[in-house]
Amino acid sequence: MSNEIAILGAGMHPWGKWGHNFVQYGVAAAREALTDAGVPWRDVQFVSGGATMRCGYPGYVAGATFAQALGWQGAEVNTSYAACASGSQALAAARNKILAGECEVALVVGADTTPKGFLAPAKGYRPEDPDWVRFYLGITNPTYFALYARRRMDLYGDTLDDFAAVKVKNSRVGSKNPRARYRKCFTAEDVAASAMVADPLRLMDICATSDGGAALIVSSMEYARKIGKGDAPRVSAISTVTPTFASSVVEMPDIATDSAAADGIEAHAFRSTLPLKAYEEAGIGPEDVDLAEVYDLSTALELDWIEDLRLAPRGEAAALLRNGDTALGGKIPVNVSGGLACFGEAVPAQALAQICELTWQLRGQAGDRQVEGAKVGITANQGLFGHGSSVIISR
Amino acid sequence: MSEKPLAPAIEGWHTMAAKPHLIGTQCAACGTYFFPKQTLYCKNPGCDSTDFNEVELSRTGQVWSYTNACYQPPEPFVAPEPFEPYTIAGVQLEKEQMVVLGQVIKGVSVDDLKVGMTMELVLDALHETEDDIKVTWKWQPLAS
Numbered sequence: 150m151s152n153e154i155a156i157l158g159a160g161m162h163p164w165g166k167w168g169h170n171f172v173q174y175g176v177a178a179a180r181e182a183l184t185d186a187g188v189p190w191r192d193v194q195f196v197s198g199g200a201t202m203r204c205g206y207p208g209y210v211a212g213a214t215f216a217q218a219l220g221w222q223g224a225e226v227n228t229s230y231a232a233c234a235s236g237s238q239a240l241a242a243a244r245n246k247i248l249a250g251e252c253e254v255a256l257v258v259g260a261d262t263t264p265k266g267f268l269a270p271a272k273g274y275r276p277e278d279p280d281w282v283r284f285y286l287g288i289t290n291p292t293y294f295a296l297y298a299r300r301r302m303d304l305y306g307d308t309l310d311d312f313a314a315v316k317v318k319n320s321r322v323g324s325k326n327p328r329a330r331y332r333k334c335f336t337a338e339d340v341a342a343s344a345m346v347a348d349p350l351r352l353m354d355i356c357a358t359s360d361g362g363a364a365l366i367v368s369s370m371e372y373a374r375k376i377g378k379g380d381a382p383r384v385s386a387i388s389t390v391t392p393t394f395a396s397s398v399v400e401m402p403d404i405a406t407d408s409a410a411a412d413g414i415e416a417h418a419f420r421s422t423l424p425l426k427a428y429e430e431a432g433i434g435p436e437d438v439d440l441a442e443v444y445d446l447s448t449a450l451e452l453d454w455i456e457d458l459r460l461a462p463r464g465e466a467a468a469l470l471r472n473g474d475t476a477l478g479g480k481i482p483v484n485v486s487g488g489l490a491c492f493g494e495a496v497p498a499q500a501l502a503q504i505c506e507l508t509w510q511l512r513g514q515a516g517d518r519q520v521e522g523a524k525v526g527i528t529a530n531q532g533l534f535g536h537g538s539s540v541i542i543s544r
Numbered sequence: 041m042s043e044k045p046l047a048p049a050i051e052g053w054h055t056m057a058a059k060p061h062l063i064g065t066q067c068a069a070c071g072t073y074f075f076p077k078q079t080l081y082c083k084n085p086g087c088d089s090t091d092f093n094e095v096e097l098s099r100t101g102q103v104w105s106y107t108n109a110c111y112q113p114p115e116p117f118v119a120p121e122p123f124e125p126y127t128i129a130g131v132q133l134e135k136e137q138m139v140v141l142g143q144v145i146k147g148v149s150v151d152d153l154k155v156g157m158t159m160e161l162v163l164d165a166l167h168e169t170e171d172d173i174k175v176t177w178k179w180q181p182l183a184s
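Just so you know, the protein sequences line up as chains A and B, in that order. So for the first sequence, this note's numbering puts the first residue at 150; every next one is plus one. So for the second sequence, this note's numbering puts the first residue at 41; every next one is plus one.
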């Protein structure tokens, strides 16, 4: 298809918690991606960075920061901020540049270093700031994930055992991923023994924040063929659609949903609308997908995503899980990288890390984690402020 | 509880009556409700009105979901010593077609709640200052 681009290289700095400057993680990931692609740095014509909001000015201009760190060579730069979807939006910018014929090969890179504990809002009396309001009233990030999880229990009959089984599944496969931060094989007993944070979610149901960096080298199909990589995995679709008014799900940091009281307005769940454009753009359906990397900020959220991606009818993701269908070797493996459960979240790198995993899987290079015969993979993530993305990679 | 006067934790977001209401706005053109109040622009993509009326929202609704807070949140939350976990619910308001979050009154645990249960809005202490007791809206199972 004419709107596809090739993924020539993928690279990641391992995830962890060191507190080093984010630039070094991004540079390590970029160098690995360049080596993997066999593309000299000087041939890269466009650097598209995912921004980080936690590292001062260099983070706001991440594209330029990474280009300078790798050595100025005249490439044009871009920086994208789209919360958890920053990496996908940076990839979309590179794709646009390539499809417009303005560049042949681009580097897409994101990296972050993260603080410990809650991300607390600015102080004072600031009721105009929804983030201030919800913390003042005692509503934290886990509150939202727990509300979604509890709704699954009451509506679909999901259980604490199901949520723990997601953690056990992801930790088992993540233990085989040298780039993952948490590589211990946890048991259901370990999950049950961890502290309750926001009922029904325990500490081990909720993902941590991590340091990390991920990068891709992407090019026109013509360039890929020219260097003998015409069969490289391709980006077949990128969806970065915003929500449609009115929201049916209370989203962080809001205290309420939109009202759907006006004539002609229906309530929509943002997560479930995200993959629609991706499927349409790729010209495929959920039945064509071999594996998925989804944003498991909590164990229960992985089950929501499976239904949002239409890999299972609404309310039936737990049945897939219990059947082993979402595990490595199952019908539709989900999060064979180990997911956020094993990585923790490094915001501007995470959407790219999902694509790195799909790239290795589609090349058959995932080793112990390999999904046999994988041809099509999909990613999904959602972050703050109406940002989210779903990317389809094919080979 | 002390003899201090009651004051809203956030000024103008709810009435102080015995049967309190949240105070929102409604777009005069399309009828969309807003909480917190919206007075400048309508967020309905099919409406460009800038005309809003202040309205009291329904004070009962159905549980959309619920959870609790087992760990002390950071500031600006003001925690009692020692910290006591509390329950939280999102409640769907029928007329307004929206879900509003809030704490659930003390003594009600997640084991007492279920999606679809009817709840009503009450006022309860959020924290004390030197001068007054700051109250806010909380949800309470409706006595049948």
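There may be inaccurate statements among the hints.
[Said to hold, decoys possible] The calculated lysine-lysine pairs, modelled on PhoX-like cross-linking and capped at a C-alpha distance of 25 Å, are:
1) Lys426(A) to Lys83(B)
2) Lys77(B) to Lys59(B)
3) Lys154(B) to Lys272(A)
4) Lys135(B) to Lys272(A)
5) Lys154(B) to Lys135(B)
Please keep in mind that the hints were generated in silico from the structure rather than gathered at the bench. Small disclaimer: the values here were computed from a predicted structure and weren't measured.
Restraint status (C-alpha distance of Lys77(B) to Lys59(B) at most 25 Å): Answer holds: Lys77(B) to Lys59(B) is near 20 Å, not above 25 Å.
Pair hint Lys135(B) and Lys272(A), alpha-carbon separation not exceeding 25 Å: 35 Å, violated
Agreement of Lys426(A) and Lys83(B) with the hint, judged by alpha carbon distance not exceeding 25 Å: 23 Å, holds
Pair hint outcome, Lys154(B) versus Lys135(B) [Cα-Cα no greater than 25 Å]: Distance ~21 Å between Lys154(B) and Lys135(B) Cα, so the pair holds.
Given hint Lys272(A) paired with Lys154(B) - CA-CA distance at most 25 Å: 35 Å, violated
In the structure shown, a violation is registered for the earlier hints numbered 3 and 4, in ascending order.
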